[in-house]
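First to last, the sequence lines map onto chains D and Z.
Residue numbers for the first sequence follow this note's numbering, beginning at 61 and rising by one.
Residue numbers for the second sequence follow this note's numbering, beginning at 13 and rising by one.
These are computed hints drawn from the structure, not numbers from a lab.
Source: prediction; values computed, not measured.
Incorrect hints may have been included.
[Said to hold, decoys possible] If you want the ones that stay clear, here's a sample from chain Z, every Cβ over 10 Å from chain D, calculated:
| hint | residue |
| --- | --- |
| 1 | Gly-137 |
| 2 | Glu-140 |
| 3 | Lys-163 |
| 4 | Arg-165 |
| 5 | Ile-309 |
| 6 | Ser-314 |
| 7 | Asn-341 |
[Stated by the list, open to error] Distance ranges between label pairs, derived from CB positions:
| hint | chain 1 | residue 1 | chain 2 | residue 2 | range |
| --- | --- | --- | --- | --- | --- |
| 8 | Z | Arg-228 | D | Glu-747 | 44 to 50 Å |
| 9 | Z | Ala-335 | D | Gln-509 | 47 to 53 Å |
| 10 | D | Val-302 | Z | Ser-352 | 50 to 56 Å |
| 11 | D | Phe-304 | Z | Ile-168 | 51 to 57 Å |
| 12 | Z | Ala-223 | D | Leu-578 | 39 to 45 Å |
| 13 | D | Lys-711 | Z | Arg-228 | 21 to 27 Å |
| 14 | Z | Ala-335 | D | Arg-591 | 52 to 58 Å |
| 15 | Z | Ser-314 | D | Lys-718 | 51 to 57 Å |
We treat Cβ as the ideally placed atom computed from N, Cα and C, and that holds for glycine.
Chain residues, written in single-letter form:
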Amino acid sequence: MWASHCGHLRRMATGFAATVCTLTHMSAAASGVASHTMAEEEKAFFADIPIVMSATRLPQPLLESPVSTTVLTREMIEASGFNEIADLFRLVPGFQVAHATGGHFVVAYHGQEFTLASRLEVLVDGRSVYGNLLSSVQWNTLGIELEDIERIEVIRGPNAPVFGANAMVATINIITRQPYAEQGTWVDIAAGSLRTRDFLLRHAASLGALDYRISLGWEENDGFSVDPGQGPDFDDSQLGNVVFRGAWTPTLVDDFDIQFGLTTGEGATLHPEPEDESSNHDGDVKSHFQFLRWSRAASMEEEFYLQFYHNYTDQHDRVDYGPLSQLAGVSPLLIPFLTGGQPDQTIEAVYADGVSERYDLEFQHRKPVSDAMRIVWGSGVRMDRLRSKAHLNQDDFVDSVSARVFGNGEWKLSDKLSLHLGAMIEHNDSIGLFGSGRIAANYRLAPNQALRASLSSAQRSPSILEEHWDYLLRFKDGTPLNQVFLSPGDLEPEAIVAAELGYAYIAEGGGLQFDAKLFYERASDVISNYRDLDYPDPYFSDGAEIIINDDSFRISGLEGSIRWRPGASDLLSLQYSITKSRRVLSRGGENEPLRIDHDATPTSTCSLLYIHDFDHGLSTSLGYYYRSVLKWVGDGDRVPAHHRFDLRLAKSFSAGHKDGKIEFIAQNMGDDYQEYISEKSGRTTFETRYFVKLGFHY
Amino acid sequence: MYGLGAAIRLGEALALEPVMLFTEQIGERLQRHTVLPMILLWICFIASGSVHAASIEIVLSSDSDEYHQVASRIHEALRDSRHHAESVATRLAQSLDADSNNAVLKDSRLVVAVGVRALKKILDGPMEFPVYAVLVPYASYSKLLDGIEAKGRASIKQNVSALYLDQPLHRQLALANALGDRFRVVGILLAETSDFDVASLVAEAKQLGMALRDIRVASSREIVPALKRTKRKIDILLTMFDPSFIDTQTIKQILYFSYHRRLPVLGYSHAMVKAGALAAIFSTPKQIGQHAAEEIIDALDSDPVRLSPPGFPKYYQAICNAAVADYFNLHVDCSLASLSHPGPQPASGGQ
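Could you put the whole structure together from the sequences, leaning on the hints where they help?
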């Protein structure tokens with residue numbers, strides 16, 4: 061199997077090479093270097109400079125975008141006072157964020173997700189961090205530091221024609237700061253509630269044509285376990301992180317982005333509710349990645365890139381369920397008779413256990429075809445691998461090779477009207493050929509106002525886990541005890557059709573921005589699970605959870621944002637979403653009643669961030685977050701509506717040529733509330749939290 | 013230029029004295045030929061081997077095209093002027109390496125230093141002739157003259173003048189004003205030790221209904237922190253070249269900051285606009301050469317030569333980057349013709 065994959069990859073690589081050879085001629089003229097012998101002073105006037113605008117990968121202007129996009133700027137990221145990257149999405153219209161455990165976060169767009177949210181594509185500088193092991197994103201092992209993030213672009217709506225499978229409901233594009241953006245050494249420390257102890261050391265400098273940044277971080281907290289004596293920490297985490305980013309610009313038009321990182325330590329459990337408070341938890345995680353991108357920018361409008369990356373995660377998350385006799389509610393003496401001679405013993409639950417890898421090679425070419433038309437096209441090949449004895453019930457890796465071709469074009473039909481067309485065709489081992497497409501139009505009502513309309517269709521291929529899931533509880537000697545999850549395989553891709561009508565307004569000078577959209581989304585063949593009570597288990601007659609394509613949902617609503625900068629010292633950012641949803645849940649068979657849930661998407665969410673800068677480096681920000689009742693799908697509960705207020709005070713100071721900042725942060729200053737598990741557990745209650753941060757730059 | 017080094021060595025070996033007259037005769041015959049400037053320069057380089065100075069010596073910092081364009085324009089303008097009889101020689105600063113006493117220049121009526129390296133080389137030796145420095149940035153020129161003063165040679169300052177490579181900042185102010193009403197508070201990056209006359213610029217900004225904030229930095233590493241401290245209190249950033257903190261690397265940093273903090277930048281060169289600055293006002297080498305030639309022609313009217321005080325180029329052009337303007341949601345005509353003053357030379361060359 062491996063040999064055939066290598067052959068496949070080699071054939072793909074040959075195709076890439078031919079394309080690259082063609083494109084290397086693209087900017088021969090632009091690569092000329094002026095005035096080698098010119099003195100430095102005059103060179104600053106005449107020598108060409110690498111095109112910075114291209115390297116920064118700027119978002120499409122709001123008024124020209126064919127789909128709803130939210131950009132979280134560095135200013136908002138800092139002012140939010142959040143410690144976790146996942147929390148930032150509370151500032152995006154239509155998003156829900158939950159701390160399922162102290163270190164495991166659920167991020168969903170329009171709800172409809174469970175602990176392992178699977179329908180968001182998350183990219184870090186173009187690297188997909190969606191993991192195979194859990195068919196989800198592990199937000200605390202992304203391999204980046206929050207302080208390194210320059211901005212986050214969130215494309216709200218299906219975007220598979222651009223980013224492929226997994227960009228089913230939305231795409232999160234995290235852009236980290238270029239190493240040349242600012243140089244020096246930074247030290248940041250933070251401490252506070254949950255016994256949080258964070259440390260971060262960063263250093264950015266230049267070495268000839270190479271600009272680089274190294275970040276060393278350590279994050280530690282005790283999770284939700286608050287009261288001594290209530291049991292051991294079940295969701296504490298201690299994670300170390302090393303990240304390198306290099307930008308090498310050997311010529312004026314060529315740019316190499318080199319990144320690698322390692323995260324290791326004990327991660328928090330993924331499961332929100334331990335069965336036994338005295339249980340032991342083992343949550344080791346080790347992940348690393350390597351990323352290389354070569355970009356060639358012939359001009360601001362034309363760019364080609366070729367990139368390769370590798371993600372690796374080795375994760376273990378096991379919790380003791382307790383003695384079998386206790387679980388079965390029988391005397392320990394009866395266990396050997398009921399189990400064919402097995403002694404009573406502690407049963408271990410395995411939430412994650414295995415190794416996942418991703419190899420991805422992609423090129424993209426962006427160019428104007430004419431004054432009225434510009435296109436982006438590209439292709440990629442990917443190999444995903446997963447090895448998990450616990451979840452796949454086999455010792456070997458299961459591989460999945462996929463290939464994709466995509467193209468997006470923008471035609472300016474007139475000064476006011478532009479048409480956007482996009483399509484992606486993908487092929488993988490399990491589904492074969494499938495595709496996604498989008499047609500959108502953008503009409504300028506005025507220089508500062510635009511209407512947009514789009515219709516998208518996207519498909520998401522089942523992950524390796526969903527396709528091959530075969531998870532059993534076992535006795536210590538490996539003998540199967542109870543089938544928990546089982547996928548029959550041959551799953552269909554999930555499908556979504558979405559339509560939106562949007563309006564955007566930017567006041568002259570950008571002081572006020574308004575964006576709103578009316579939308580309708582309909583998803584079918586949604587992968588879920590149902591309990592098959594007839595499943596023949598050897599010892600228990602509780603059946604098994606069978607993976608099927610049987611759910612569907614539809615959501616309609618209105619959402620948007622307002623950003624208002626009344627003066628140089630103030631920013632108000634308001635996000636809101638009003639929705640109506642209907643989810644039809646999977647059934648066990650023809651005789652099972654249809655189950656319908658109207659709360660899998662909250663009917664309303666709202667967030668507000670207000671920033672005010674006083675003089676003398678003092679600034680404050682206030683965050684308000686509201687979410688109505690939400691019923692998480694699967695293991696999550698129906699959690700009540702909540703209001704939350706956060707406050708941040710920061711003081712910047714300078715000592716000589718050194719800068720520093722001290723911050724006081726209070727999260728949820730009001731009543732306690734639940735985000736994922738209802739009050740019955742009591743161990744994941746979000747109480748008021750306080751943090752102090754101190755940072756130096758020199 | 014191909015074979016230049018060999019040509020110079022050949023010229024030195026042959027010690028060609030009467031070659032300048034010959035050059036002029038040939039030049040008149042070939043003046044309409046497109047290769048004329050290059051042939052003239054080649055012959056002049058051969059002549060540079062002469063042990064006697066020409067009437068006007070043009071010293072180039074290096075063999076770069078930009079320096080040649082300036083020299084070529086001066087040659088052409090002088091040939092067509094009332095001073096066409098003046099002999100003109102061009103040499104590389106490198107050829108003065110073995111001549112620490114500037115002996116080869118000492119009988120010149122005027123020495124034109126093209127670029128900072130040439131000026132430095134000439135200022136290092138004894139100066140019994142007037143020097144006109146062209147294609148030199150304002151900050152570099154000021155620094156060099158300050159250095160001379162520190163060495164106790166202040167007297168030679170009266171023998172030196174310059175045509176700067178940069179533009180006066182009031183032109184950038186006018187450019188910012190023309191780009192949109194939203195640019196009311198203008199920031200300018202300056203070295204901590206810069207003696208730039210901020211007060212007069214503040215007054216000019218006030219006349220345009222704008223406010224000016226100077227952002228002082230001691231080194232390139234302080235640029236981004238200093239810009240961060242300004243927060244959103246400026247609407248647009250003007251840049252002027254200063255070798256103490258500006259180089260290609262820092263321009264990248266400034267432009268990167270510009271995009272992510274949505275702060276438009278006005279550059280000081282065409283290259284900056286190509287890289288991503290919103291707009292710039294700049295002079296091409298040919299425009300500098302044209303202005304320099306006009307100054308030289310006037311200066312030669314008096315004997316000894318009397319130079320005008322140092323000044324900024326009078327021929328210049330303004331451009332803006334349409335893609336960047338789009339990004340900042342600006343609706344401007346990027347030709348900016350009304351802000352340009354290209355002069356008698358076509359504005360295409362030199363970039």
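So, going through the hints one by one against the coordinates:
1. Gly-137: holds (18 Å)
2. Glu-140: holds (25 Å)
3. Lys-163: The assertion about Z:Lys-163 holds, with a minimum of 20 Å to chain D.
4. Arg-165: The claim holds: Z:Arg-165 sits with its nearest Cβ about 21 Å from chain D, beyond 10 Å.
5. Ile-309: For Z:Ile-309, whose nearest Cβ neighbour in chain D is about 24 Å away, the distance exceeds 10 Å, so it holds.
6. Ser-314: The claim holds: Z:Ser-314 sits with its nearest Cβ about 30 Å from chain D, beyond 10 Å.
7. Asn-341: violated (6 Å)
8. Z:Arg-228 <-> D:Glu-747: 44 to 50 Å: Between Z:Arg-228 and D:Glu-747, where Cβ atoms are some 47 Å apart, the hint holds.
9. Z:Ala-335 <-> D:Gln-509: 47 to 53 Å: violated (21 Å)
10. D:Val-302 <-> Z:Ser-352: 50 to 56 Å: 52 Å Cβ-Cβ, so the 50 to 56 Å window holds.
11. D:Phe-304 <-> Z:Ile-168: 51 to 57 Å: holds (52 Å)
12. Z:Ala-223 <-> D:Leu-578: 39 to 45 Å: Holds - the Cβ-Cβ distance for Z:Ala-223 and D:Leu-578, about 42 Å, lies within 39 to 45 Å.
13. D:Lys-711 <-> Z:Arg-228: 21 to 27 Å: holds (22 Å)
14. Z:Ala-335 <-> D:Arg-591: 52 to 58 Å: holds (56 Å)
15. Z:Ser-314 <-> D:Lys-718: 51 to 57 Å: holds (56 Å)
Of the hints listed earlier, those the structure fails to meet are numbers 7 and 9, in rising order.
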